[in-house]
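Protein chains in written order, with full-length UniProt numbering: chain A, 1 to 100; chain B, 1 to 91.
Just so you know, not all the hints are guaranteed correct.
[As the list claims (entries may be wrong)] Sample of chain A residues at the chain B side, in silico, Cβ under 7 Å:
| id | residue |
| --- | --- |
| 1 | F33 |
| 2 | T98 |
| 3 | D100 |
If you're looking for bench data, these hints aren't it; they were derived computationally from the structure.
Cβ coordinates follow ideal geometry from the N, Cα and C atoms, glycine included.
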Amino acid sequence: MSLWLDAASAAATLNVVLLVALVGIWARNYLEFRSKHPLGLLVFGLLLLAENCLSVYYYVIDPEVANLLRSAAPVAGRAMTFVQILELAAILFLAWVTWD
Amino acid sequence: MEGTLWYVLTGTRGGRNRIRILQAIDERPRNAHQLADDLDLDYKTVRHHLDVLLDNDIVDKSGDDYGAVYLPTDRVRANWGTVQEIFERVE
Chain A
1 MSLWLDAASA
11 AATLNVVLLV
21 ALVGIWARNY
31 LEFRSKHPLG
41 LLVFGLLLLA
51 ENCLSVYYYV
61 IDPEVANLLR
71 SAAPVAGRAM
81 TFVQILELAA
91 ILFLAWVTWD
Chain B
1 MEGTLWYVLT
11 GTRGGRNRIR
21 ILQAIDERPR
31 NAHQLADDLD
41 LDYKTVRHHL
51 DVLLDNDIVD
61 KSGDDYGAVY
71 LPTDRVRANW
81 GTVQEIFERV
91 E
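With the rest of the complex left out, here is chain A (with noise of 0.2 Å):
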């Protein structure tokens, strides 16, 4: 396993449980509020929760994809890797404003 793959690993698995803390926050105030703001949040999180749990399956679970796309075109999954350290770091920001 390449460092890089290690990387996109490790953030995709991150998002995925700061993900889940979030939607359950959003989740429990639009149960509370049943208003569009936590509602936004709440199918915003889920959706970007779905597209993190495919990124987990083929970066942790099963990672022939991973492997498959690096070695036919590495820059490919260099950037891969990037775009999901980039949502590390959004999601990160999201969850200290959120946390509150």
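Given the coordinates of chain A, assemble chain B onto it according to the supplied hints.
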């Protein structure tokens, strides 16, 4: 301001308690200790929520640091319709 109110009061983990604080000081301005007692919350929790509300220009404080009394800002008063809509969504 409307967006800020929706976010700060319904989009975050502590929104529920911030609503209770805003309801309490709307009824009658209070200091942090009174809020902690009246709402049965930890003093540090109340301080934290008050800081968030101050940061977002939702509450003002008058008086010195320790006994400072908190009250809704004029800006929030001008958007009180939104605040009431949020209050109504909490039983």
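Looking at the structure, which of the earlier hints fail to hold?
Going through the list in order, the structure violates no hint and respects every one.
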